[in-house]
Amino acid sequence: MKKKTLGEVLKERREAMDLTQRELAAKLGVKASHVAYLENGRRRPSLSLLRRLGDVLGLETEPLFLLAHPEAKALLCKREAAPSKRPENAWRKFLGDHALLARNKITPRELRVLRQVNMLGRVSSPRHFLFILNSIRQAVEEDSI
Amino acid sequence: MRDIERLMRRDYVRALRRWLGYRELRSLVSAGAKVWPQLNHERIRLKRSELADISGRLSVHLSARPHREADGMALRGFYVRKSESALKRPLIYVNTAHHPAAVGATFCHEVGHHLAARLFAGKKMEPVNFFYDAAYATHLDDPVELAADVLVSLAAYPEPIARRIFAKSCSGGLVARAQHLSAEAVTQICNHLKRGYRVDFTRSGQPRRDLTYLAGMVHFAKLRWGILAEYDL
Numbered sequence: 240m241k242k243k244t245l246g247e248v249l250k251e252r253r254e255a256m257d258l259t260q261r262e263l264a265a266k267l268g269v270k271a272s273h274v275a276y277l278e279n280g281r282r283r284p285s286l287s288l289l290r291r292l293g294d295v296l297g298l299e300t301e302p303l304f305l306l307a308h309p310e311a312k313a314l315l316c317k318r319e320a321a322p323s324k325r326p327e328n329a330w331r332k333f334l335g336d337h338a339l340l341a342r343n344k345i346t347p348r349e350l351r352v353l354r355q356v357n358m359l360g361r362v363s364s365p366r367h368f369l370f371i372l373n374s375i376r377q378a379v380e381e382d383s384i
Numbered sequence: 320m321r322d323i324e325r326l327m328r329r330d331y332v333r334a335l336r337r338w339l340g341y342r343e344l345r346s347l348v349s350a351g352a353k354v355w356p357q358l359n360h361e362r363i364r365l366k367r368s369e370l371a372d373i374s375g376r377l378s379v380h381l382s383a384r385p386h387r388e389a390d391g392m393a394l395r396g397f398y399v400r401k402s403e404s405a406l407k408r409p410l411i412y413v414n415t416a417h418h419p420a421a422v423g424a425t426f427c428h429e430v431g432h433h434l435a436a437r438l439f440a441g442k443k444m445e446p447v448n449f450f451y452d453a454a455y456a457t458h459l460d461d462p463v464e465l466a467a468d469v470l471v472s473l474a475a476y477p478e479p480i481a482r483r484i485f486a487k488s489c490s491g492g493l494v495a496r497a498q499h500l501s502a503e504a505v506t507q508i509c510n511h512l513k514r515g516y517r518v519d520f521t522r523s524g525q526p527r528r529d530l531t532y533l534a535g536m537v538h539f540a541k542l543r544w545g546i547l548a549e550y551d552l
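Heads up: the sequence lines are chains A and B, in that order.
Here my numbering = 1-based position in the first sequence + 239.
Here my numbering = 1-based position in the second sequence + 319.
Everything labelled a hint here was simulated from the structure, so no lab data went into it.
Zero decoy hints are in this set.
The list that follows gives simulated cross-link-like pairs (lysine-lysine, DSSO-like), each with its CA atoms no further than 27 Å apart:
(1) A:Lys332 - A:Lys344
(2) A:Lys243 - A:Lys270
(3) B:Lys401 - A:Lys344
(4) B:Lys442 - A:Lys243
(5) B:Lys443 - A:Lys242
(6) B:Lys442 - B:Lys353
(7) B:Lys353 - B:Lys443
(8) B:Lys407 - A:Lys344
(9) B:Lys443 - B:Lys407
(10) B:Lys442 - A:Lys242
Short, incomplete list of chain A residues facing chain B, as computed with Cβ under 8 Å:
(11) Leu359
(12) Arg366
(13) His367
(14) Ser374
(15) Asp382
Built from N, CA and C at the ideal position, the CB exists for glycine as well.
Extracted from the complex, chain B is given alone in its bound form (with noise of 0.2 Å):
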C-alpha cells in the first residue's frame, strides 16, 4: 500500500524529462512501431500465442513458463543481452503463472529493453534487466527500466484513450506538472483495464497479488500521463 502512495505521489514528468528527451522517446515509439504498426493508435493486447511470434521477428529466444516457487510470484519477467561467450541472441523470460494481462505487460516492457539498446548504445549496461513487480518506484530513476516502461504506457493506452482519460477528467488537465490521478480518472482507468484487459481488481481473491497489480496500473497510467503532458503524444 505504501509503494502505490509513494507512486501516487512521484511526478513522473521530472523523471521524464531527466532520463528521456522527445528524440528518443520518439524513435523508440518508431521502434515500437515497426513490431506493432498499431502502437499508440490502438490498444494493444498480446495473446500467448503472439509472444513466440514476435521474439522470433525480432531474432529473441524466449522463455514463457510460470515460476511460482519460492517468491517466484515476484518476478514478473527479464533480459538477458547477448553476449560473445554465452547467448548468440538476446533473451526474453516471462513469468506466465500471472494474469494474461501482465504477462502482456511484461513481455512488452522486455521488448521495450530490446528496442531501447540502441537508444543507449555507448553506455554500460548491465548483461541481465530483472522486472520485479514491487520495484516500480526505481523505474523512474533507471531511464533503461523507464524506456521499457514507456512501451507499456503506449501500448495500454493508445493516445485517444489517454486524451479522452487524462486531458477532460484530470483537475491539472494537462499541464505539465501530472502528479496525482484524479478519482474520475482512476475510474476509467479501470473500465478500461476491465473492458480491454478483463482486469478486475475486485473479483480475483488474491488481495495481496492485487496490489502489486493495482501500483502496476498506477504506474503505468501516471507515465502515460506524464507523456501526454510533456510530449503531447
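Looking at chain A on its own, in the form it has when it is part of the complex (with noise of 0.2 Å):
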C-alpha cells in the first residue's frame, strides 16, 4: 500500500475539520499559498511551523517530522533497534544479583519466562521482576492444588 505523503495528511486533515486553505494559514500565522505549496509537496515545513502544524492540526509532530524528512527515519530506527537504557539495564542489574536469584530459588525455567517478559521492554525495575515471578507462582501452585 503507497504510504501517504505530509502534504496528503495534511490536507486530509485540514478537510476533515472543515478548514479552508486560508484558515489554516490564518491559524498558523503563513500565508494561504503556503499551505497549498505545503499540501502539493512542493515546500518542507520549518520545525517551529511542524510544531505548530502539529498543535492546529491535532497531530503527533514526530510522525509529521518523518513525512517531511523521510532521510531522518533510518537514523531514528537505529535508535529505536537498540533496546531502552532502563529496562535493559533492570533486566541486567536482575540477572547480575547472583543472591537474590539464589535466595529466590528462580529456575533456569522461570528466568526463560522473565527473559520473554523482559523483551516487552516495559520493566523498569529488578524488583518488577521477582514481583512478576511471584504472582505467577502463587496462581501456578493454585492451578496444581
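Starting from the two chains in their separate frames, assemble the complex, guided by the hints.
Next comes the structure, spelled out in C-alpha cells:
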C-alpha cells in the first residue's frame, strides 16, 4: 500500500476539520499559498511550523517530522532498534544479582519466562521481575491444588 | 503534564476507526455485559470483595495486593495469558496500593484483555499485557490495549451519562471528530468522578499521583466521547 505523503496527511486532516487553506494559514500565521505548497509537496515546513501544524491540526509532531524528512527515519530506526536503556539495565541488574536469584530459588525455566517478559520492554526495575514472578508462582501453585 | 496535553490533542475517533470496528466493539460490549449486566446502562463501581467473585466466574487467577517498592506504584496491573507450560488459567494482577476507583478501573481493563482475546483470535498476542500509569497515549496505537480501555470507559461512563456530558456540553457536539474536551465537559467529568467514585483531584495531597490519575481521566473520557461520536454507543 502506498504510504501517504506529508501533503496528503495535512490536506486530509484540514478537510476533516472543515478548514480552508486560508483559514488554516491564518491559524498558522503563514500565507495561504504556503499551505498550498505544503499540501502539494513543493515545500518542506520548518521545525517551528511543524510544531504549529501539530498543535493546530491535533497531530503528533514526530510522525509529521518523519514525513517531512524521510531521510531521518534511518537514523531514528537505528536508535529504536537498540533496546531502551532503562529496561535493559533492569534486566541486567536482575540477572546479575546472584544472591537474589539464589535466595528466591529462581529456576532456569522461570528465567526463560522472565526473559520473555523483559523482551516486552516495559519492566523498569529489577524488583518488578521478582514481583511478577511471585504472582505467577502463586497462580501456578493454585493451579496445582 | 506534557502527557496530559498530548492526550488532550490526540484524535480518539481516528484511533477507534483504525483499530476497532463497530462489530468488534459490539461483541466486546456483549461479552462485557455477561460479566456486568448493567454495563453501559449504569455506572459500575467495583468493590474489592467483588474482584475475586468475578475472577472466579471467569476462571481467572486473581492477585490483588499492593506494590509500592521501587517505582511499583507506576504499575497498575497486568494480565498473563494461560500457557500449556506454565499457567492453566490466565492471571490478573491489580495493584491495590492505588485509589479504590483506580483499582476498579485496572481490574476492568484486565478483564477487558481477557474478553478481547476472542476478538483478536488468530493474531499473535503478547504473553503478558502490562498496564502502566504513564502509558495511555501508547494505548491508542495498540488495538489490544485500546479494546481493554473501551471496557473501562463504558463502565465509568454509561451511555446516559456519556450523552449528558458529551452531547450537550462540547462545542462540536456529537460530530465524529472528538478532540478537545470543553471546560464544561471537564467540570462535569470531575463532578461525575467525585460523586460516583469519590475521586477528588484537589484533596489527595499527592500532586504527582493526581497528575497520573488526571491523565487517566482525560484518556477514558475522550475515549468514551469517541465511542459515542463514532458508534453512537
